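Single-letter residue listing:
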Amino acid sequence: MRINGRSLGIAAYLVMLFLPIYWLLNMSFKTNGEIVSSLSFWPHRPTLANYGHIFHDPAWYLGFVHSLSYVLLNTVISVTIALPAAYAFSRFRFLGDKHLFFWLLSNLMAPPAVYAMPFFNFYYSIGLFDTVWAVALAHCLFNVPLAVWILEGFISGVPREIDETAALDGYSFPRFFVKIFLPLIGNGIGVAAFFCFMFSWVEQLLATTLTTVNAKPIAAVMSRVYSAAGMDWGLLAAAGVLTMIPGAIVIWFVRNHIAKGFALGRV
Amino acid sequence: MDKPLNNRAWLFVLPVLVFVLFSSLLPVMTVVNYSVQDTMGQNNFFWNGIAWFQNLLDPSTDIGGRFANALVRNLLFSFVVLALELPLGIAVAICIPRHGWKVGASLVAIALPLLIPWNVVGTIWQIFARADIGLLGAALNGLGIPYNDTQDPTSAWATIVVMDVWHWTGMVALLAYAGLKSIPDAFYQAARIDGAGRWSIFRNIELPKMQKVLVIAVLLRFMESFMIYTEPSVVTGGGPGESTSFLSLDLVKIALGQVDLGNAAAMSLVYNLITLTICYAFFTVMTQLDRRKDV
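Heads up: the protein sequence lines correspond to chains H and Z, in order.
First residue of the first sequence? That's 1 in my numbering, and the numbers climb one at a time after it.
First residue of the second sequence? That's 1 in my numbering, and the numbers climb one at a time after it.
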């Protein structure tokens with residue numbers, strides 16, 4: 001009886017979750033004529049024209065390329081520099097460590113809207129404006145602290161005796177870190193990379209502010225359909241559907257660690 | 001708790017420090033700079049003292065009233081979404097299957113909205129909620145409920161709140177699920193022997209075990225809802241009128257729309273300070289809970 005109630009509950013939630021997504025999917029296979037003229041639960045004259053347009057127009061598919069490039073750049077940078085810092089926070093006390101940690105986290109809490117204007121000026125003046133690097137670096141603002149926070153949680157789960165034993169066995173620190181320690185926190189690294197990917201992929205305010213032409217993310221490309229000659233709903237829906245795919249793929253990879261990851265390794 | 005003192009650890013932290021300073025302190029200094037100066041155009045800036053801040057914090061001025069309204073609106077929004085998402089997230093977490101392939105499938109499905117770019121979340125709901133071509137809008141109107149999210153402030157608010165619940169309940173659910181998973185089966189067996197009902201299992205076993213992750217959930221949800229920008233800007237653009245102009249929407253309008261640097265900078269700093277203060281309180285609670293568990 002209880003099992004039934006629970007399955008029913010999760011089923012109801014998932015239906016609510018997928019209703020808007022289903023509607024988007026439904027629209028992406030319709031022509032604009034059909035979308036505007038009638039409300040229907042499935043496309044009566046299904047078409048792939050919307051998807052075709054995205055894959056053939058460089059302005060559209062390059063949007064995906066730009067977005068994915070700054071996301072990947074940012075993920076690699078964030079996790080790489082966060083690793084030693086997380087190790088230090090987890091293993092040692094040092095002058096000002098607690099304050100430093102909160103200061104790092106405070107950047108996670110800063111509203112991107114506050115940074116939009118100064119970032120624009122700043123990246124313009126150093127000549128990185130409108131490159132994927134500008135966005136990748138700007139996203140470090142919140143992704144580096146996030147990666148440190150998550151990794152610190154996972155590293156604290158590894159007993160310190162392991163570090164000491166390795167030192168007694170004659171491992172130099174770099175060799176120990178790469179050969180023994182990194183494999184031990186593999187899950188944590190995966191989860192941290194997942195979160196960096198996620199927050200860089202979903203953030204749009206900074207990404208669209210820092211680019212104009214050459215590094216335009218897919219979000220900015222999508223906003224084009226609002227201006228020209230009415231709304232191109234079908235195209236917008238198709239682009240929306242495509243942006244869900246990279247996310248779905250990365251979740252699939254971390255599905256077994258995702259719950260612990262969202263608890264930032266602290267369960 | 002008996003971590004060795006080692007100041008060479010600073011070397012490990014150095015790269016992070018450089019990166020975050022580079023991308024946070026420098027821009028913030030620009031904002032501070034603008035917040036105490038005024039301009040006559042042509043890059044001529046002069047010292048303006050604390051006048052921008054005085055204006056901003058005085059609700060009887062134009063900008064002050066606008067800021068106060070946006071602040072109240074945003075606090076109300078954060079409160080409403082937290083009040084909806086926490087119980088719903090916990091309920092969903094309890095309903096997640098415990099064995100078999102369904103576990104992975106449910107987790108992936110629940111996490112999916114979190115990985116959708118925020119402007120696309122806005123787009124999904126913009127399409128879904130429209131009265132003419134959207135399922136939700138058309139269905140509500142069909143049932144005789146007057147609904148139009150671009151004309152009517154109540155509809156606009158409802159749409160934004162439901163969208164946020166749709167978008168973020170998954171995160172609360174995943175956190176709560178992580179807490180539930182850490183409860184050993186023995187606890188449930190003991191409860192069954194004691195004849196505990198469903199509610200008392202929840203009240204006495206599950207809720208205390210979830211406490212820590214729920215604090216994280218509240219912190220993350222508060223932060224994110226307090227700086228919400230992209231989704232409402234796509235769906236309502238802050239309208240109709242000013243009814244869904246939350247703090248970030250208003251700030252971007254002032255900073256990038258009207259290029260009113262002084263007001264925008266002062267607003268940025270005060271906004272940032274409010275966020276920081278509230279988060280510091282949460283953070284203190286969190287570390288306290290951490291410590292209690294360690295002892």
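Honestly, the hints are just simulated from the structure, not real lab data.
On a predicted model such as this, the values are computed, not experimentally measured, just so you know.
Be aware that one or more of the hints could be misleading.
Unchecked claim - EDC-like mimics (lysine to aspartate or glutamate), calculated; alpha carbons at most 20 Å apart, straight line:
hint: 1; chain 1: Z; residue 1: Lys209; chain 2: Z; residue 2: Asp194
hint: 2; chain 1: Z; residue 1: Lys3; chain 2: H; residue 2: Asp130
hint: 3; chain 1: H; residue 1: Lys216; chain 2: H; residue 2: Asp97
hint: 4; chain 1: Z; residue 1: Lys3; chain 2: H; residue 2: Asp57
hint: 5; chain 1: Z; residue 1: Lys3; chain 2: H; residue 2: Asp97
hint: 6; chain 1: H; residue 1: Lys179; chain 2: H; residue 2: Asp169
hint: 7; chain 1: Z; residue 1: Lys181; chain 2: Z; residue 2: Asp58
hint: 8; chain 1: Z; residue 1: Lys209; chain 2: Z; residue 2: Asp185
hint: 9; chain 1: H; residue 1: Lys216; chain 2: H; residue 2: Asp130
hint: 10; chain 1: Z; residue 1: Lys209; chain 2: Z; residue 2: Glu224
hint: 11; chain 1: H; residue 1: Lys179; chain 2: H; residue 2: Glu161
hint: 12; chain 1: Z; residue 1: Lys181; chain 2: Z; residue 2: Glu206
hint: 13; chain 1: H; residue 1: Lys179; chain 2: H; residue 2: Asp163
hint: 14; chain 1: H; residue 1: Lys98; chain 2: Z; residue 2: Asp194
hint: 15; chain 1: Z; residue 1: Lys3; chain 2: H; residue 2: Asp163
Said to hold, decoys possible - Output of the computed footprint for chain Z on chain H, the stretches with three or more beta carbons under 8 Å from beta carbons of chain Z:
hint: 16; segment: 82–91
hint: 17; segment: 181–191
Unchecked claim - Quick list of the computed label-pair ranges, beta carbon to beta carbon:
hint: 18; chain 1: Z; residue 1: Asp132; chain 2: H; residue 2: Phe253; range: 46 to 56 Å
hint: 19; chain 1: H; residue 1: Asn187; chain 2: Z; residue 2: Gly144; range: 46 to 56 Å
hint: 20; chain 1: Z; residue 1: Ile50; chain 2: H; residue 2: Leu184; range: 14 to 24 Å
hint: 21; chain 1: H; residue 1: Phe253; chain 2: Z; residue 2: Asp62; range: 47 to 57 Å
For glycine and all other residues, C-beta sits at the position ideal for the given N, C-alpha and C.
Against the structure, the hints:
A threshold of 20 Å between alpha carbons decides the hint, and for lysine 209 of chain Z with aspartate 194 of chain Z the separation of about 19 Å falls inside it, so the pair holds. This hinted pair does not check out: lysine 3 of chain Z and aspartate 130 of chain H have alpha carbons roughly 45 Å apart, beyond 20 Å. Taken as a hint, the lysine 216 of chain H and aspartate 97 of chain H pair is broken in the structure, with Cα atoms around 39 Å apart against an allowance of 20 Å. Distance check on the hinted pair: lysine 3 of chain Z and aspartate 57 of chain H sit about 57 Å apart at the alpha-carbon level, beyond 20 Å; violated.
For a cut-off of 20 Å, the pair hint linking lysine 3 of chain Z to aspartate 97 of chain H stands: about 12 Å separates their Cα positions. The straight-line distance between the Cα atoms of lysine 179 of chain H and aspartate 169 of chain H is roughly 13 Å, inside the 20 Å bound, and the hint therefore holds. Note on lysine 181 of chain Z and aspartate 58 of chain Z: the hinted pairing is violated, with a Cα-Cα distance of about 50 Å set against a maximum of 20 Å. At most 20 Å may separate the alpha-carbon atoms for a hinted pair to count; lysine 209 of chain Z and aspartate 185 of chain Z meet this at roughly 13 Å.
A threshold of 20 Å between alpha carbons decides the hint, and for lysine 216 of chain H with aspartate 130 of chain H the separation of about 8 Å falls inside it, so the pair holds. Taking the CA atoms of lysine 209 of chain Z and glutamate 224 of chain Z, the gap is near 24 Å; set against the 20 Å cutoff, the hint is violated. About 16 Å separates the Cα atoms of lysine 179 of chain H and glutamate 161 of chain H, which keeps this hinted pair within 20 Å; it holds. With a C-alpha separation of about 10 Å, the suggested pair lysine 181 of chain Z and glutamate 206 of chain Z falls inside the 20 Å cut-off, and the hint holds.
Restraint check: the Cα-Cα separation between lysine 179 of chain H and aspartate 163 of chain H comes to about 12 Å, which is no more than 20 Å; the hinted pair holds. Distance restraint check for lysine 98 of chain H and aspartate 194 of chain Z: the Cα-Cα separation of roughly 44 Å exceeds the 20 Å cut-off, and the hinted pair is therefore not satisfied. Between lysine 3 of chain Z and aspartate 163 of chain H the alpha-carbon distance is near 13 Å, which keeps this suggested pair within the 20 Å criterion. Counting residues of the segment 82–91 of chain H whose CB lies closer than 8 Å to any CB of chain Z gives 7, so the stated coverage by that chain holds, three being the minimum.
Counting residues of the segment 181–191 of chain H whose beta carbon lies closer than 8 Å to any beta carbon of chain Z gives 0, which falls below the threshold of three, so the coverage claim is violated. Taken as a hint, the range 46 to 56 Å is violated for the pair aspartate 132 of chain Z and phenylalanine 253 of chain H, whose Cβ atoms sit roughly 40 Å apart. The hint said 46 to 56 Å for the Cβ distance between asparagine 187 of chain H and glycine 144 of chain Z, and at roughly 52 Å that hint holds. A hinted range of 14 to 24 Å for the beta carbons of isoleucine 50 of chain Z and leucine 184 of chain H is inconsistent with their spacing of about 53 Å.
Range check, phenylalanine 253 of chain H to aspartate 62 of chain Z: Cβ separation about 51 Å, and the 47 to 57 Å hint holds.
Consistency with the previously given hints fails for numbers 2, 3, 4, 7, 10, 14, 17, 18, 20, ordered from lowest to highest.
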